[in-house]
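4 protein chains.
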Amino acid sequence: MKWNTKITKIEPNHIVTKGYRQEDLIGNVPYGHVVYLLLRGELPSKEYGRMTDAILTACIDHGVTPPSSIASRTVASGGVPLPTAVAAGILSIGDAHGGAIEKGAKFLQDGVVRIKKDGKTASIIAATLVKETSEQKKRIPGFGHRIHTADPRTKRLFELAKELKIAGDHVALSKAIESELEKTQGKKLPINVDGAIAAIISDMGFDWRLGKAFFLIGRVAGLTAHVYEEQTQEKPMREMFSIEYDYTGPEERDLPSK
Amino acid sequence: MKWNTKITKIEPNHIVTKGYRQEDLIGNVPYGHVVYLLLRGELPSKEYGRMTDAILTACIDHGVTPPSSIASRTVASGGVPLPTAVAAGILSIGDAHGGAIEKGAKFLQDGVVRIKKDGKTASIIAATLVKETSEQKKRIPGFGHRIHTADPRTKRLFELAKELKIAGDHVALSKAIESELEKTQGKKLPINVDGAIAAIISDMGFDWRLGKAFFLIGRVAGLTAHVYEEQTQEKPMREMFSIEYDYTGPEERDLPSK
Amino acid sequence: MKWNTKITKIEPNHIVTKGYRQEDLIGNVPYGHVVYLLLRGELPSKEYGRMTDAILTACIDHGVTPPSSIASRTVASGGVPLPTAVAAGILSIGDAHGGAIEKGAKFLQDGVVRIKKDGKTASIIAATLVKETSEQKKRIPGFGHRIHTADPRTKRLFELAKELKIAGDHVALSKAIESELEKTQGKKLPINVDGAIAAIISDMGFDWRLGKAFFLIGRVAGLTAHVYEEQTQEKPMREMFSIEYDYTGPEERDLPSK
Amino acid sequence: MKWNTKITKIEPNHIVTKGYRQEDLIGNVPYGHVVYLLLRGELPSKEYGRMTDAILTACIDHGVTPPSSIASRTVASGGVPLPTAVAAGILSIGDAHGGAIEKGAKFLQDGVVRIKKDGKTASIIAATLVKETSEQKKRIPGFGHRIHTADPRTKRLFELAKELKIAGDHVALSKAIESELEKTQGKKLPINVDGAIAAIISDMGFDWRLGKAFFLIGRVAGLTAHVYEEQTQEKPMREMFSIEYDYTGPEERDLPSK
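Protein chains in written order, with my numbering: chain A, 42 to 299; chain B, 42 to 299; chain C, 42 to 299; chain D, 42 to 299.
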């Protein structure tokens, strides 16, 4: 029942993470690079480190609108410690909230395998993928956003991925899919920030199962700010929302007589 | 029922956090500095930014031993999504796990107020505080560690705080308390990493109520690595611990006859 | 490092909880009585069992309005498993949401100790307590409700506590406080459902630290129903609330030039 | 943006759940029956109510061994409120912990559809299902247990389901699968408590997606008892486990020179 862990060795007065003494990392390696180290096992190149850091920042906050912010602030209003309320927001990160990074990365990674195996271009495989998912009445993860049509985070992340020479097959495939979607649907269904991160982490060689990890690690700072704001600016149990609802259950009735 | 938020303004294709457009922050301002921005409202100086980043790295992971790692890995072994398991670890951050940052910061901030109000030296107030807490049979938060007697993180953080000219009254008071504890108790009860962070964030002017925030934001990366390791290297519901226990409840008995 | 537990003994094909074989409890002892057994160590009398069961039912649900329901449904909308979303609702149970049971029970138990120690009547101690808390600008926990002025659950629970001969000193003190509040404030600040439960569990001899336990155990069924309804009737990431907000942070600005 | 909810109507001094006034339910309808009402929309017959209650009791606790108990107690030891620690245990209820109820119910419900559609006996379909899953190298959910070979809860639940005339096609199919597994594997792989509940709730007509709900609602009482025991009998941050581990990550190394 011995565990194996590749993460951290703890001895009295000696803490080694992925081979590096923590006192060497602290203040010498930027936190974003240390995150990369934790998830990959090696320190990033300067370019990969900057890209990882940029991805974390791109996830930092989206105001009071997403389920994670609402969950964290609502739970905070119940009168609980800060970490409890932050954790509630993290719980909402799922298939529909942040999940497009994971699913998008898998989709693109599978797509690039097909490009290489079939010896086809990104455009041809993009057309095939759009056709297949359309026939299955599925949506390709990472396209479209409920608020933004030209998400400034997407544009910036792609610029940076290009500048840092990280953008490769997966970014190319995601752009080919965007073009194909516009062609077949007659309107733009742009790559969203989840889709951009999915493509870039795939070009960086990350396992798609880490898709939600970037969103989670970046967003936790924003959620912390929301909980702190709720705890210091607002009263507990304030009326936060006016939910209008219809009760559509059984009509009022007496208990059956026994 | 209108909310006020100082954090982020969301408009279509326009995302502004604490005044800065997110596309300007992404890849230009290190994530650790963006965390500072979120918690304080202003970008840090170069020194404050590096210190914040260093604090996050000092919290990144402590191996498989603390409650947060165990909670995250145990919950992961139940077969749940990565964010659910990471959140479970965050839930354990409480009065006894990471809580010394919050309580230590409050203690030191109250102490420095007394130093200034009473016009006394740090040594004199330290002696008073040690005496008072000893009489109340309380412990001063942020001293002593279950594993480390000379925590390498503490040493490195204090060095850096000095180098960056951040160390001030609160760091001085914490060191005065350490000396006083050694003098009165006859053995060293060293400042631990929580105590060091408590002192430094106090010298940076942070609200003590944000004490757990730094630990939480930094540690989430380590917890993510633990959950990922559990999910990819281990089987669900593996036997993780051999808990030996004595059942000390009522002896086995029949239901009372009705 | 051996644990002691008074709860359950597990041996192959043999499961004993608080002395009783689980196969004897299943289908023979109502779940509400088993909850009492778990929290107290002994099976309840018929009256105590019925009262415990009634308290759980009084906590079962309060529609879509409280923080717990909103947290659970919001987290469910992120696309996560049912237990993850139910847990998010439980996280909101805190000082301000359900917490009046715990704090109210402590307040009443301390009050009854004073009645006995000082040899005073409930009315006299009630007057003292109202005066003291008013001078400290505090509120007595368990009085007033944001929606109900005559909560039907309170009335029913008190009726039942009387009928089952459970109502005693703590219920009497809570009613004396209600009268005193009306007298001194000139308007009714009625005992709410939390306050009623606080009084009754105190008369049943429960530790006040179990106050939130009753609420939590009862409410989990309602939260489960909310999550199930959200997952089966609604789309993920639906727009649940229109939150109107003013962004009151720093004005939009450029990054400082380096 | 109006919600529809079939669960509870809230008006001042008037609370109606699934058609029934809560004051009528409290103390008149056992909690286990109210749970059925919440999940199905109608009060159960006497038999269905007793069966639901029995299922909740069968889930109540499994000592200090399962991930949920360990997660709750570990989180409690961090020094957090009771509901936070209970929620952590609930988070561990997933595909591998309690998940066999959900997956088992789906498996059996699909199987019974095939029995009816193909006009075959339970034995024949059981043989087909065992063959199919064996070929797919999958396990049929709800069979085998890491500790019990003849789980007393399974036996008792099946007895009761028979006595209450609830046992039907799904229980019959689960027993046919058990026989078939023994025949083909040459050793008994008995129906476990999850499998028994899966079969019985299927015969009661429940949606398989509610599988984890029963486990969760029942187990929350046990988790509450564990957290209370940890908080009242043990010290925070006690050393709970001796985890022996090998650090198998990169060897200790210096930071690369810049």
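It is possible that some hints are incorrect.
If chains are identical, the list can't say which one is meant, so a pair holds when it fits in one copy or spans any two.
Derived DSSO-like pairs: lysine-lysine, alpha-carbon spacing no greater than 30 Å straight-line [stated by the list, open to error]:
#, residue 1, residue 2
1, Lys47, Lys161
2, Lys47, Lys158
3, Lys43, Lys147
4, Lys203, Lys43
5, Lys144, Lys276
6, Lys178, Lys144
7, Lys43, Lys161
8, Lys43, Lys87
9, Lys172, Lys43
10, Lys276, Lys43
11, Lys228, Lys276
12, Lys178, Lys43
13, Lys276, Lys178
14, Lys43, Lys216
Think of the hints as simulated: they come from the structure by calculation, not from any bench.
> How do Lys43 and Lys147 come out at 30 Å by Cα distance, when the copy is not named: within, between, both, or neither?
Replying inline: This pair counts as neither: shortest intra-copy Cα distance 32 Å, inter-copy 36 Å.
>> Within a copy, between copies, both or neither: which one fits Lys228 and Lys276 at a CA-CA cutoff of 30 Å?
In response: Cα proximity of Lys228 and Lys276: across copies only (23 Å, versus 45 Å in one copy).
>> Cα distance capped at 30 Å. Does Lys43 pair with Lys216 within a copy, between copies, both, or neither?
In response: neither (47 Å within a copy, 38 Å between copies)
> What label fits Lys276 with Lys178 when the C-alpha limit is 30 Å: within, between, both, or neither?
Replying inline: Classified as between: cross-chain Cα gap 16 Å, same-chain 46 Å, threshold 30 Å.
> Using 30 Å as the alpha-carbon threshold, which applies to Lys203 and Lys43: within, between, both, or neither?
Replying inline: neither (45 Å within a copy, 41 Å between copies)
>> Regarding Lys43 and Lys161, is the shortest C-alpha distance of 30 Å or less found within a copy, between copies, in both, or in neither?
In response: Answer is neither: 47 Å inside a copy and 49 Å across each miss the 30 Å cutoff.
> Quick one: Lys178 to Lys43, C-alpha cut-off 30 Å, is that within a copy, between copies, both, or neither?
Replying inline: between (47 Å within a copy, 28 Å between copies)
>> I want to check one pair: Lys172 and Lys43. Are their C-alpha atoms no more than 30 Å apart within a copy, between two copies, both, or neither?
In response: neither (49 Å within a copy, 36 Å between copies)
> Taking 30 Å as the upper bound on the Cα-Cα distance, should Lys43 and Lys87 be classified as within, between, both, or neither?
Replying inline: Neither. Shortest intra-copy (36 Å) and inter-copy (44 Å) distances fail the 30 Å Cα cut-off.
> Is it within, between, both or neither when you check Lys144 against Lys276 at 30 Å Cα-Cα?
Replying inline: between (39 Å within a copy, 18 Å between copies)
>> Reference check for the pair Lys276 and Lys43, CA-CA at most 30 Å: within, between, both, or neither?
In response: between (48 Å within a copy, 14 Å between copies)
> Which holds for Lys47 with Lys158 at a C-alpha limit of 30 Å: within a copy, between copies, both or neither?
Replying inline: Result: close neither inside a copy nor across copies, 33 Å intra and 51 Å inter.
Consistency note: the structure conflicts with the earlier hints numbered 1, 2, 3, 4, 7, 8, 9, 14.
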